[in-house]
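Novice: Position in the sequence shown counted from 1, then plus 8, gives you the working numbering.
No wet-lab data here; the hints were simulated from the structure.
Predicted model only: the values in this text are computed from it and were never measured.
Glycine included, C-beta positions come from ideal geometry on N, C-alpha and C.
Zero decoy hints are in this set.
Pair by pair, the computed Cβ-Cβ distance ranges are:
#	residue 1	residue 2	range
1	G24	G64	29 to 37 Å
2	G75	N97	32 to 40 Å
3	L74	R53	13 to 21 Å
4	E83	R57	17 to 25 Å
5	A90	R26	13 to 21 Å
6	R57	T93	13 to 21 Å
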Amino acid sequence: MVAVTEESPAPQILNGERLISITAAGKLLPGMRENAHINSATVWRWIRRGAKSTSGEVIRLEAVRLGFRWLTSAEAVGRFVADLTAASNLSGVRRGSPAVIDTSREALRGRGSV
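Between the sequences and the hints, there should be enough to build the whole structure, so can you do that?
Specialist: This is how it looks when you write it as structure tokens:
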């Protein structure tokens with residue numbers, strides 16, 4: 009039996025998906041450097057706090073607690089990446105296009121900077 013609260017809906021990963029450790033989940037994703045992978049601390053942060061998309065929506069990685077360990081699945085990582093990408097694409101911000109910031113004296117004065 010899984011305890012479900014309003015804050016944490018039942019994770020989908022109990023539907024026959026093979027559970028993997030947080031470390032193994034990090035090794036599924038490439039890091040920034042050659043032959044690197046995502047650190048398990050980053051995966052843990054995605055489970056606990058989520059990742060904010062460009063639209064401002066917070067997307068969390070699904071995970072379950074089994075004893076003293078937290079586990080996820082490769083499918084949950086795939087859903088997390090897909091949800092984060094979809095939320096970012098819906099925001100209307102195009103990748104690579106710089107944000108336009110009004111730095112005129114009038115705009116800065118309105119913010120109390122000048």
